[in-house]
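A.B. asks: All chains should be built: construct the whole structure from the sequences, respecting the hints.
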Amino acid sequence: MNPYVLTILLSSLGLGTVLTFASSHWLLAWMGLEINTLAIIPIMAQQHHPRAIEATTKYFLTQATAAAMILFASTTNAWLMGEWEIHQLSHPLATTTVMLALALKLGLAPVHFWLPEVLQGLELTTGLILSTWQKLAPFALMIQVTPTINSPLLVAIGLLSTLVGGWGGLNQTQLRKILAYSSIAHLGWMVLILQFAPSLTLLSLSLYIIMTSSAFLTLKTNNALTINTLATSWTKSPTLAALAALVLLSLGGLPPLSGFMPKWLILQELTKQGLPLSATLAAMMALLSLYFYLRLCYALTLTIYPNTLTATAPWRLNFTMITLPLSIITILALGLLPLTPAVTAMLTL
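In the UniProt record's numbering, the protein residues as written are 1 to 349.
In short, the hints are calculated from the structure, not lab data.
Label-pair restraints from in silico Cβ distances:
hint: 1; residue 1: T323; residue 2: L80; range: 50 to 60 Å
hint: 2; residue 1: N223; residue 2: L61; range: 27 to 37 Å
hint: 3; residue 1: L277; residue 2: S12; range: 43 to 53 Å
hint: 4; residue 1: I8; residue 2: A156; range: 37 to 47 Å
In silico DSSO-like links for lysine-lysine, alpha-carbon gap of 27 Å or less:
hint: 5; residue 1: K58; residue 2: K177
hint: 6; residue 1: K220; residue 2: K236
hint: 7; residue 1: K177; residue 2: K220
Every residue, glycine too, gets a C-beta built ideally from N, C-alpha and C.
C.D. replies: Right, here's the structure in full:
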């Protein structure tokens with residue numbers, strides 16, 4: 001893609017998200033979401049591969065549907081209650097419709113079916129943008145409308161997403177689909193705690209972005225798209241293979257890695273709010289996700305690929321990619337747990 005065109009598209013991507021962040025009016029927020037969607041579509045379709053075009057079409061249709069639902073809900077609220085402000089969303093029909101529309105935009109269960117299919121058709125860099133940056137604008141809106149949304153609905157969506165994210169990833173061999181189901185599970189944890197402690201949702205979202213970025217950049221560096229090709233990573237870069245296994249365990253939420261911090265604090269807050277059953281169910285469903293992370297770690301570190309190798313260049317390579325961002329993000333994905341007291345102190349301010 002032409003660098004000037006790519007710069008314009010990435011600038012529009014940033015503009016759409018910032019516009020949604022800054023808006024207090026539903027039409028302005030909707031406009032930001034539309035700019036965001038239209039900016040990423042050419043980036044997704046730049047491969048000119050049938051699979052990428054199919055993924056782009058699916059993404060466009062789902063995002064257009066969600067945007068239409070948001071416009072319908074905000075218009076309904078303005079018609080019935082006379083308010084266009086995001087904070088003044090008060091009619092039950094409008095709040096439920098907006099919640100479902102934002103769930104569709106994020107890929108939360110039970111409207112998650114598009115996310116694994118779309119992510120599977122994209123290259124890893126575009127998949128990284130879709131899994132991280134594209135979640136920010138809908139989450140900003142969700143945090144603003146949360147006080148008016150029915151609490152059991154949020155808890156149900158959160159628990160269902162953690163279940164679907166864990167269950168769906170068990171039988172997958174494609175790494176991009178596994179990361180899609182991982183995304184659904186992590187978003188479920190964020191929605192679960194959203195109404196009780198929005199600051200914990202932001203903490204969880206920040207750590208999710210760090211860990212997911214590290215996972216995607218590691219896979220891109222190793223040029224791995226399936227579990228079988230992941231098994232050749234240790235011959236290319238043994239250090240990166242060891243760190244990648246730790247990043248996957250951090251995504252699974254194992255101590256003493258960074259991913260344990262949000263799960264620990266969320267379970268603690270749910271128990272404080274008198275929801276021990278929800279906390280127990282979420283912790284049990286996290287074990288499903290942990291299983292497929294352990295499966296990836298096993299393939300990455302404990303298996304030797306057969307000698308009759310059809311993959312490209314299994315021997316040690318000289319990397320031409322810039323690895324500084326990967327190094328920084330990997331350190332953050334592994335070593336932030338000791339900062340938990342400082343984080344909890346900041347959250348209580």
